[in-house]
Amino acid sequence: MAQSTRSRARSAFWWVLLAVLVVLAGLFAVFREPLRGYAGISTAYSARVACSCRFVAGRSLGDCAKDKLAGMELVTLVDDEAARSVTARFPLIASTTATYREGYGCVLETWDS
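The sequence shown maps to residues 18 to 130 in the numbering used here.
Simulated from the structure, these hints should not be mistaken for laboratory data. Keep in mind that a hint or two might mislead.
Unchecked claim - Per label pair, the in silico range of CB-to-CB distance:
#, residue 1, residue 2, range
1, GLY88, VAL124, 22 to 28 Å
2, VAL37, GLY88, 54 to 60 Å
3, GLY43, SER77, 41 to 47 Å
Glycine is no exception: its CB is placed at the ideal position from the N, C-alpha and C atoms.
Whole structure, please, built from the sequences with the hints as guidance.
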């Protein structure tokens, strides 16, 4: 009797897990384009601000990360001292690099349409 109850509970768990995955996949399909847009804008903004902070103001990247706006917690920053650039990444969706150019400040890389 206990084995039957346990197997029913295990079966119910897998059905619930499958339903959650289907709902998440549907939400991703519906909101994919807006999410990509917001991620692209977030990484561009973060890369540009962090690059200016790092290579114009001379602050550390850790200190520059504090300048990110609320809601940009998933955006990560990586600097390249040799190239004088900062890359901002939103996991699995977007990545943007800003490079310091003498006389111009920090310039974003060209976006692909």
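Results of checking the hints against the structure:
Range check, GLY88 to VAL124: Cβ separation about 25 Å, and the 22 to 28 Å hint holds. Taken as a hint, the range 54 to 60 Å is violated for the pair VAL37 and GLY88, whose Cβ atoms sit roughly 25 Å apart. In this structure, GLY43 and SER77 meet the distance hint of 41 to 47 Å, their C-beta atoms being roughly 42 Å apart.
Of the numbered hints given earlier, the model fails hint 2 alone.
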